[in-house]
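Chemist: Residue numbers (my numbering), protein chains in the order written: chain A, 1 to 254; chain B, 1 to 269.
For the record, the hints were derived by calculation from the structure and aren't laboratory data.
Keep in mind that the hints are not guaranteed to be accurate.
What the hints assert, rightly or not - Over the 12 Å line for every Cβ pair with chain B, so calculated as not near, a few chain A residues: (1) Y32; (2) V94; (3) V195; (4) R224; (5) S234.
Unchecked claim - On the chain A side, residues computed to face chain B include the following (Cβ under 7 Å): (6) K116; (7) T118; (8) E119; (9) D122; (10) A126; (11) L127; (12) G128; (13) T129; (14) P131; (15) Q228.
To be verified - To be clear about the criterion: a stretch of chain B counts as covered by chain A if any three or more of its residues have a C-beta under 8 Å from a C-beta of chain A, and this derived list gives those stretches: (16) 47-53; (17) 72-80; (18) 83-90; (19) 193-201.
Think of the CB as a built atom: it goes at the ideal place given N, C-alpha and C, for glycine as much as any other residue.
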Amino acid sequence: MLDFLKGPIQAIQDFYELTGRALRNVIRSPHYYDDIRLQMDIIGVGSLPIVLLTGLFSGAVMALQMGRALGQYGQTGRVGTVVSIILVRELGPVLTSVMVAGRNSSGIASELGSMKVTEQIDAMRALGTDPIQKLVTPRMIATAFMLPCLTVIDDFVGMFGGWLISTSEYGVPTLQYWSTVWRALDWSDVTQGLVKPFVYAFVVSLIGCYFGLRTTGGTQGVGRATTQAVVAASVTIFVLNLFIGFFFVSQTTS
Amino acid sequence: MARLLRFENVSVEFDGLRALDDVSFSVEEKETRIILGAAASGKTMLLKTAMGLVRASSGKVFLFDQDVTRLAESKMFAIRSKLGMLFQESALFDSMTVAQNVAYPLLNQKSIQIPRDQMEPAVRNSLRFVELEQTLDKYPSELSGGMRRRVAIARAVVTNPPLLLYDSPTAGLDPITAHTIMALIIKERDVNNTTALVVTQRYQDGNLVANFRYNPESGRLDPAGDGTKTVFMVLKEGRLVFEGAQPDLEASTDPYISKFVKRPEPAGH
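Here chain A stands alone, though its shape is the one from the complex (with noise of 0.2 Å):
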């Protein structure tokens, strides 16, 4: 039992080592700016293709579902606040996370195991750089940057798809959708609508990190914490989101 358990506290204690170095790079020099930038562009431009489709068709579904049972109690007009508060505060942080998750947290895996089995890790250690702070520090930035963003854009174009729904299929005025949608909105949504992109960055780049550094086996073994990178970052996103949720919700009950 005990022998059982041991794999995995392990792994979880070498995953927070990880998160602390990690961390701890932020104050410490060097900085590697080149590399900032580069992972900027990398996870956050280079996703942006993604998020604006899967944030428009989501909105775009979620107007069509929420019209017609909103419909079933005459409440049509409605749409625009159904679509605004689930956007925000669950929907676009999610899935931007978890899309995110796909991208980059496999593409980080993938390439750090790459470089961990060709030895290229060692190398950066014996040339006088530190793997974290060249490598896990300035994605884990990036990210914690980028995906904020990511999620502001997925929210207004996943507003945009239910406009386009609302009036099309049940002819929502256009100025009543976006004033339903503005008025939805509380500074409680926004915070949280910001916190979990933000949180989930660290989970995104960090697991996707954590993966690749400890590849072994060769290029079996890059594809295999490619795979486990990419679950384990988005089983965590949904359990981590419901934690939030709860925080939020009692903070505005109360």
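Assemble the complex: chain A is given as a structure, and chain B must be docked to it using the hints.
Modeler: What follows is chain B alone, placed relative to chain A:
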């Protein structure tokens, strides 16, 4: 005589397996050690432990007469800058050009301060040493295996380290390219008077190092009449089973050790 590297009863354990088992030896200045051994006998582990990339589970490692066994990683960098290492698969950074790869230690070793205007000449010099000056702007993926190995040597020697570690420099190369790589290792030893550990599975590599010298005039290898400071070591399952000169190695009757010894290559390459 100064000792550049010393192992005192060093053992390294991984998941209950002993990769190195009670290994002791010391390397004197301007000495070349040839480390022979079967696959998974701990050869690479020995080099990585010497470099401080892997920490000893027990025993002590001394580099330049300083105990580095429990030294913090941040303090290790200054000592590592005095070592050059050639990794088995070259370990060049894929995302960087050849020039950037060779410049990497100059840019990142904090203890090496080199003015910016001397950076490029140093990189060029190092690449000229391995006769690959024309590949400056190429990426590692565009090079052949032998060329990658040579660029990796250029990267290892660019900082002029007094101690060099070569991990299987000729593994997976054709005989002619392998000879070129060994000639470079001998050239580095004779031109810059460096100390080296050479891990290899081929006895003829060790034979070359022990019996040939680089001739700076012809640029070729000549037989060294007076012999060189070359010591052979044989590892078996993590243990050091032989340490001594070439004649003793060839005279050994141990079945494991004699398996590595082949008759010397005919001279005059």
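Chemist: Now, for every hint given, state plainly whether the structure supports it.
Modeler: Results of checking the hints against the structure:
Remark: the non-interface label on Y32 of chain A conflicts with the geometry, its nearest Cβ contact in chain B lying 10 Å away (cut-off 12 Å). Once the 12 Å rule is applied to beta carbons, V94 of chain A is consistent with being away from chain B; the minimum gap is 32 Å. Annotated as non-interface, V195 of chain A keeps its C-beta farther than 12 Å from every C-beta of chain B; the closest such distance is 33 Å. No beta-carbon of chain B comes within 12 Å of the beta-carbon of R224 of chain A; the shortest separation is about 18 Å.
With a minimum CB-CB distance of about 27 Å to chain B, S234 of chain A clears the 12 Å threshold, and the non-interface call stands. For K116 of chain A, the interface hint is violated, the least distance from its beta-carbon to any beta-carbon of chain B being 11 Å, above 7 Å. About 5 Å separates the beta-carbon of T118 of chain A from the nearest beta-carbon of chain B, less than 7 Å, and the hint is met. Taking 7 Å as the C-beta contact cut-off toward chain B, the hint placing E119 of chain A at the interface holds, the least distance being around 4 Å.
For D122 of chain A, the interface hint holds, the least distance from its beta-carbon to any beta-carbon of chain B being 5 Å, beneath 7 Å. Below 7 Å, beta-carbon pairs count as interface contacts, and A126 of chain A has one with chain B at about 5 Å; its hint therefore holds. Given hint, L127 of chain A at the interface with chain B, holds; its Cβ is 4 Å from that chain's nearest Cβ, closer than 7 Å. Given the 7 Å rule on beta carbons, the hint for G128 of chain A holds: about 4 Å separates it from the nearest Cβ of chain B.
With 7 Å as the threshold, the beta carbon of T129 of chain A comes within range of chain B, its nearest partner Cβ sitting at about 5 Å, so the hint holds. Contact between P131 of chain A and chain B, as hinted, is not supported at the beta carbon level, the nearest pair being about 10 Å apart and thus beyond 7 Å. Taking 7 Å as the C-beta contact cut-off toward chain B, the hint placing Q228 of chain A at the interface is violated, the least distance being around 19 Å. Coverage of the region 47-53 of chain B by chain A holds [criterion: at least 3 residues with CB-CB distance below 8 Å; count 3].
Only when three residues or more bring their CB closer than 8 Å to a CB of chain A does the claim for the region 72-80 of chain B stand; here the count is 4, and the claim holds. Counting residues of the region 83-90 of chain B whose C-beta lies closer than 8 Å to any C-beta of chain A gives 5; at least three are required, and the coverage claim holds. Remark: the region 193-201 of chain B is not confirmed as covered by chain A, as 0 of its residues place a Cβ nearer than 8 Å to a Cβ of that chain, below the required three.
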